[in-house]
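Assemble the whole structure, with the sequences as input and the hints as a guide.
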Amino acid sequence: METFTLSLPSALAATAPATSPTAASAAPDVICGIVASGNLEILVEPQGSSTCTFEIHTAAEGFRETWDAVLADFVQRHPAGGLRFTLNDVGSTPAVVALRLAQAHELWLRGRAA
Amino acid sequence: MSARPQALRHSFLEASARERLAGLCDAGSLQECCPPRERLASPHLAALGLAQALDDGIVVGTARLDDQPVLVAAQEGRFNGGAVGEVHGAKLTGLLQAALVTRPAAVLLLLDSGGVRLHEANAGILSISEVARALLAVRAAGIPVLVLLGGSCGAFGGMGIVARLAHRVVMSEEARLSLSGPEVIETVKGKQEFDSRDRALVWRVTGGKTRRALGEADLLVEDDIAAFRNAAVATLRDLRPADRQALTLTALRQRQHALLERRTRHAGQVDGHAVLATVLGLGRDRAALLDARAFEDLLAQQGGTPLSQVVPEDALSVDAALDAEDLAFADRLFGAGQHQLQAKGYLIAGTATGPTGPLALVGTRDRAPIGLELALSMAEGILAVVAADQGQAPRPIVLLADTQGQALSRHEELLGLNGALAHLALCVDLARRQGHRLITLVRHEAVSGGFLSFGMLGDHICALPEAQVRVMDLRAMARVTKLPLEQLEALAQTSPVFAPGAGNFHQLGGIHALWSDQEDWRAALGVALADATTEDRRAGLGHQRGGRHLAAEVARRVRTQAGAGA
Chain F
1 METFTLSLPS ALAATAPATS PTAASAAPDV ICGIVASGNL EILVEPQGSS
51 TCTFEIHTAA EGFRETWDAV LADFVQRHPA GGLRFTLNDV GSTPAVVALR
101 LAQAHELWLR GRAA
Chain E
1001 MSARPQALRH SFLEASARER LAGLCDAGSL QECCPPRERL ASPHLAALGL
1051 AQALDDGIVV GTARLDDQPV LVAAQEGRFN GGAVGEVHGA KLTGLLQAAL
1101 VTRPAAVLLL LDSGGVRLHE ANAGILSISE VARALLAVRA AGIPVLVLLG
1151 GSCGAFGGMG IVARLAHRVV MSEEARLSLS GPEVIETVKG KQEFDSRDRA
1201 LVWRVTGGKT RRALGEADLL VEDDIAAFRN AAVATLRDLR PADRQALTLT
1251 ALRQRQHALL ERRTRHAGQV DGHAVLATVL GLGRDRAALL DARAFEDLLA
1301 QQGGTPLSQV VPEDALSVDA ALDAEDLAFA DRLFGAGQHQ LQAKGYLIAG
1351 TATGPTGPLA LVGTRDRAPI GLELALSMAE GILAVVAADQ GQAPRPIVLL
1401 ADTQGQALSR HEELLGLNGA LAHLALCVDL ARRQGHRLIT LVRHEAVSGG
1451 FLSFGMLGDH ICALPEAQVR VMDLRAMARV TKLPLEQLEA LAQTSPVFAP
1501 GAGNFHQLGG IHALWSDQED WRAALGVALA DATTEDRRAG LGHQRGGRHL
1551 AAEVARRVRT QAGAGA
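Protein chains in written order, with our numbering: chain F, 1 to 114; chain E, 1001 to 1566.
One or more of the hints may lead you astray.
[Stated by the list, open to error] In the DMTMM-like style, the derived pairs of lysine to aspartate or glutamate whose C-alpha atoms are separated by at most 25 Å in a straight line are:
#, chain 1, residue 1, chain 2, residue 2
1, E, Lys1189, E, Glu1486
2, E, Lys1482, F, Glu2
3, E, Lys1482, F, Asp29
Keep in mind the hints are simulated off the structure, nothing from the lab.
Dropping the structure here:
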């Protein structure tokens, strides 16, 4: 296992969905993907800081450069400032990681609209 | 005519646990308890350097079904095969315990699990035992429990037993329900017994159609989330008040008879073809072509008439004097001349004068492999004690556990050994509800399935000095976990949640007391009888003893969040 946390600047995401703290706790978690071979789960949460934070737990060791590239690409493409992404990965390819991040981000936006 | 066009279906099999629940429950009604943001992942997986999931592979919560309040759980089969570890199991236990307080219209369990998570084997099997105890309590309280099986892992191992404790099982053809996985049987007994790579054979033995034909499942549905939803609504609507009531002695005797009858009717069968031919009169290929509706229709036509006038072979009853070793054991436990025990094969039963007066004993001997015959014989023994004590003070029952685990054979799996073990568990639970105190004594060995449905249900569980307690043969474990055997052997030396041994189970709270060789066993039995309570205290004990830090707390959290207070 390899674990690391990375914060990157990104355009501000639509902020926390909460109108009140009670509504926030009642809202379902924004989570997608499954911890299984070649796949990963991603949990999206709001955070105090305006950067975008990634907490990565991956079973595939030694791919830090690839992660950095995929995450840098993601924060450029999507306004993700103020969000925290927690990833539990079991050897997903960069394409799968990018796809899941985009999916998680979209779910977050949708949850906010609802 | 029957089904919607394929394109409009939403496959239950392909969906994740969350997608299944979203489609099953009324739109937007699911409120998850202990959701991913609480990060209740398994520390035991982390210790092995394996990936964790934030929900430990199970979603539990409150929801509505057809505008009725329900409690729901869905296992995620794609995370470690839906296997049950400490946290995963505690979430399920907490949910079931909450049902006792909030009294929902039903509890829906979307099981999708290979059974015990072998990476934390001891904690896992204890968790499943706690789930079983909690489910039995919910059932006894008259709250319907419905199991829905449509995932790729089906329900195997302990979860195969748990599934059959529910009021009803709804499953798709694609789902499987059994006890030992084909890989395990093949590893131990060889390819000629069960070729796990022959997928068609695996489904003919364990799949939905065979299970439905045998009566191990109550309804066959298409692989469609909407079909599962409709089936759940209809099944709950059709449950009669009598079906909801706690199982009685009469009801369990009828089940016992039906299981004995079924065993005789399908004697010697090793392939689902034979089952379908016997039950439905269908040839090899016809059954495969029927959709769920047509299959149910055919079954309903056949169901009214007895297929054959089977006179079931009786369960075993004990008829022989004890051998020297058993006699010495019984003399030491009860005192010479203080017991009237007999044996037959692996079965041992009888009566004795215990430290508090008369008691009954039912159990296994000689490291028994527990198959259908033995499971049903033990059930018969328990039912006989309950029947004998109607209208008088219920005697305590000593459950003597000495088992190498469930019997491993394709025939036993085909006939639903998991269902027979669940029946045994229901009989043991009946005894508890009728006021019999249950004291388990683990004598030589207690392994997995056979122990789960019998000994682990005791009110107070004691291990004798020689007792070995474990989950699975290490070779089979290596194959299932895909971890090297050497790593598992090394791990077994150090890890309390993993390593075999009565001491580890004691530390985890799964065994109440360890008896020493120097001890007066008769006196120890008296202590056990005094200490026995019908409440399942094992998670708390495990916490006190430092072996299981999470189970009690996680279950408490789920109870609170499900609206049941602490």
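E/Lys1189 paired with E/Glu1486 [C-alpha distance capped at 25 Å]: holds (22 Å)
Are E/Lys1482 and F/Asp29 close enough, with their CA atoms no more than 25 Å apart? violated (32 Å)
Can the restraint linking E/Lys1482 and F/Glu2 be considered satisfied, given a maximum Cα separation of 25 Å? holds (20 Å)
When each numbered hint is compared with the structure, a violation occurs for hint 3 only.
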